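So the chains spell out like this:
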Amino acid sequence: MNGHDFSLAGAPLVALGSGALYWPAEGLLCISDLHLGKAERRARLGDGYLPPYETQDTLSRLEDDLRLTEATTVICLGDSFDDRAAADALRDEEKLWIAALQAGRRWVWIEGNHDPGPVELGGTHLAELPLPPLTFRHIAKPGQSGEISGHYHPKTTLRTRGRAITRPAFLIDADRVIMPAYGTYTGGLRSNDRAFAPLMRDEAIAVLTGPVPHAVPLPR
Amino acid sequence: MTTLPPLFIDWFAARGWHIHPHQQAMLDRADAPAQLLIAPTGGGKTLAGFLPTLVDLATTDHDGLHTLYISPLKALAADIKRNLTTPVSEMGLPIRIDDRTGDTPSSRKKRQRADPPHILLTTPESLALLTSYEDAHRTFAGLKRVVIDEIHALAESKRGDQLMLALSRLQALCPNLRRVGLSATVEDPAAIARLLACHPDPCDILQADPGPEPDIAMLTTEERPPWAGGGAAYAIPAVLDQVRRHRTTLIFHNTRAQAEIFFHNLWLANEESLPIGIHHGSLDRVQRERVEAAMQQGLLRAIVCTGSLDLGIDWGDVDLVIQVGAPKNVKRLVQRIGRANHNYNAPSKALLVPANRFEVVECQAALQAVRDHDLDGEPRGRGPQDVLCQHILIRACSGPFSASDLYAEVTTAGGYADLTRDEFDACLNFCATGGYALRAYDQWQRLKQTDGLWHLRDPRSARLIRMNIGTIQDTDLLKVRMQRSRGGKPLGEVEEAFAASLTPGDTFLIGGEIVRYEGLREMTVEVSRDRGRQPKIAVFGGTKFATSTQLSQRILSLLNGGDWSSLPAHTADWLRLQAEMSRLPKSGELLIESFPHEGREHACIYGFAGRNAQQTLGLILTKRMEELGLHPLGFVSTDYATLIWGLDPLTDPGPLFELSALRDGLDRWLAGNQLMKRTFRASATIAGLIQRNTPSAKKSGRQATFSSDILYDTLAKYDPDHLLLQITRTEAMRGLIDFGRIEEMITRIDGRIDLLRLPRVTPFAAPLFLEHGRMPVEGAAQERLLAEETERLMAAAGLST
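Listed in order, the protein sequences are those of chains A and B. If you read the first sequence in this note's numbering, its first letter stands for residue 4, the second for the next number, and so on. If you read the second sequence in this note's numbering, its first letter stands for residue 5, the second for the next number, and so on.
It should be emphasised that the hints constitute simulated quantities derived from the structure, not laboratory data. Just so you know, not all the hints are guaranteed correct.
To be verified - If you only want the chain B side, here are some residues facing chain A, beta carbon under 7 angstroms, derived:
1) W448
2) L457
3) W458
4) D462
5) P463
6) S465
7) L666
Since this is a predicted model, take the numbers as computed values, not measurements. Positions of the beta carbon are idealized from the N, C-alpha and C atoms, including for glycine.
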């Protein structure tokens, strides 16, 4: 599989180039910050009228990852919907598509700051999910370990011979993984932002997403 | 003939002035529906534009707004306010004059809407904003005249189209509105007149006496210009010497970066501490205003500047204009020269300072063109649809409208006179629903139709539309400030891409100061003062102009004419060296040099097609090279050449340059490239799909915003016929892509390609290594590089992957 292998709290994991995290021993795929329905929410708020294709684009990439990994458990790590009304406003085809992806799988919606509380779609709704030795939650808590979280949409810039390349990135150290945003309409927070300083150890790495994931020492 | 009222005759006489013939002519034609005046700087052009207004206001009672004056620059509006106040107060005329720009305090703006002055001085963007208010009809009630200053400058960009759309609105509110345009010397006055006219009414053209020939030469220096680079540091002593010998010197640069570097070097060499200032568009307003004030009071001996001073601001006693770097465009050079000497009858004095040896050739070619009165320019295109989309949104802010009325209105504007109803409806549909093939959440659409009239679904959205009025694409500029702990003084702006390349501790130049990058806080670049004398990073971007077709042809003729006697010996020697080591590019064939350098393969293609077309050539060729497995990594273009680097050498260029192959491949490669994305970003912003400014921008920071590239990719994938993609293609073809000049080049070389394999960099290729604006190629080489770099970094950090 096209991914970066590492282990957290003794659990062997794979950071996929798509931005999804795979836990082979559990057949578990984790994705974060899908922000489904972002275009609808922006339109509803009078905040611009974006091309309404981001939900289908995000779902089709997720479908590819599920086909590839044959995962039996899926954890959506929060901010799966741009807000709760956006979840309700998904078009029928999109709701059916999600149901089809859920069929035969354990599916967990972790709540995020954009989508607190349950949505009217199949799957389990949880504030956070402990699966020893790991814990899945939306926003990282300082001092925790074995923690998988999202929320920050980290991205990293790498200066190579002659050019700088910026990609969404996993931030990884001995305590935690902060996942990149998986949704199509998502921006990123630079990994050298102050927000990451209290969370990541000095020896943390960033894994840039893309056709082939690349690991580098976390640029600060 | 309209005679001046006695009051005016006395005022002219008291100053020892006579009314210029063109000023009298403008007075005589005060009732023309549209009138274009073409006059050189210093010809009393502004007064000519205002005389009919002043006479009318002096002789009749008028309530409310009488004349609107539009200038491309805020500073110009402020300047005209000062200049106009003098005759008005000296003649004791009962005329209220006020200016209104983005810098005007909101309390004053509010007052102006409720109780407008007789003469309001403003910019196209501020005018568009004024027309967006629901009380626009009251603000403009009674408006009789509009004067557009420096219309030639506005005509060069979308600002001109936006202005004319705003005027079409005003004309509907005030049917008897008279239009006056004031222009510097241009190559095609009829094109400007077409833009200014309220169609189908005509627009007359009046040409003033052009004045005496300018006194213009190339600055000769003891020091030789360098092989490459744009700083012209070698000329500092000679330029300082000229500053010493003149009262006031304007030192023009083509980019902000060059102006900053030159200014820095000038100060290091300025042992007598001559008062010298810097002025460019990226500087903080307070700093700019300080320089402008000092200049008007005659406190400065020289001012280092960019295009922000191109226009007709009265800088007082300028007696020398220095142009640093090749002028790229003869028309602009002539207009800049006109900045020196405001005496109508004295010749303007100007010096050209080539920044490197290639520019010596270009400057020489430009001098000949000025002497031959051979001005250049590109024909004006049709009015762009992204600007129309913004206009429709602005119209919706001011109240409900009927589509037919608005269509009739916009087709009176020059650029839109031949707009079809279908094209208009496509724009309206985009504004209302997004215009997507997939109709989703229609209940939230932006415009709704009720009883045949279109209106905003949510009136609150007017705020967002108003916050984003304008067509100037200073996109992705970040403010630069001193750290809060050091007072937080604003210094100016830098491009986001430049800011992203900084790491704390890096030093760069802004406003002539060296500052140290400390960090990014809420979209602001925080810096501290640095005591160093040498900035580590000296460059941030600025406008880049393409050398015009006419000037490029003159350069090729000069290279091959055999007579280099007009060139300094060092430059002639350099040309000889190029001829010896390689070959001189000719008009009738395409020279390509191929050589290794620092572990990479390079191909240098001398197309002389101008920067944008050379850029496109780089895109097409690298795409094709990628397909052939030559691993191109990137390219950079100048006005005369494109340099491509990669991992493998180019050995057979023939198939790459067949016009049919180039044209066939155009659509294929067009879709995925960076230039399209850049063009898309500009058009999507203007059309209102994405917002530069949002009320919540400050709070949410970067994470909430995502790159417009994602929208482009999404549309290209799911909605390839979307209006904005059509606009992007049209724009790119005539702007950044400039495919026309590639076709012109291919026809000119007619299959004659001359590939030379050389052992090292050639004299002509060397400058390209120092060019900025390198374009990366997305491809296999990129993954190869990432793998190399990550391995190196991990190894260096003692980590294993």
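Here is how each hint holds up against the structure:
| no. | hint | result |
| --- | --- | --- |
| 1 | W448 | holds, 4 angstroms |
| 2 | L457 | violated, 19 angstroms |
| 3 | W458 | violated, 15 angstroms |
| 4 | D462 | holds, 5 angstroms |
| 5 | P463 | violated, 9 angstroms |
| 6 | S465 | holds, 4 angstroms |
| 7 | L666 | violated, 25 angstroms |
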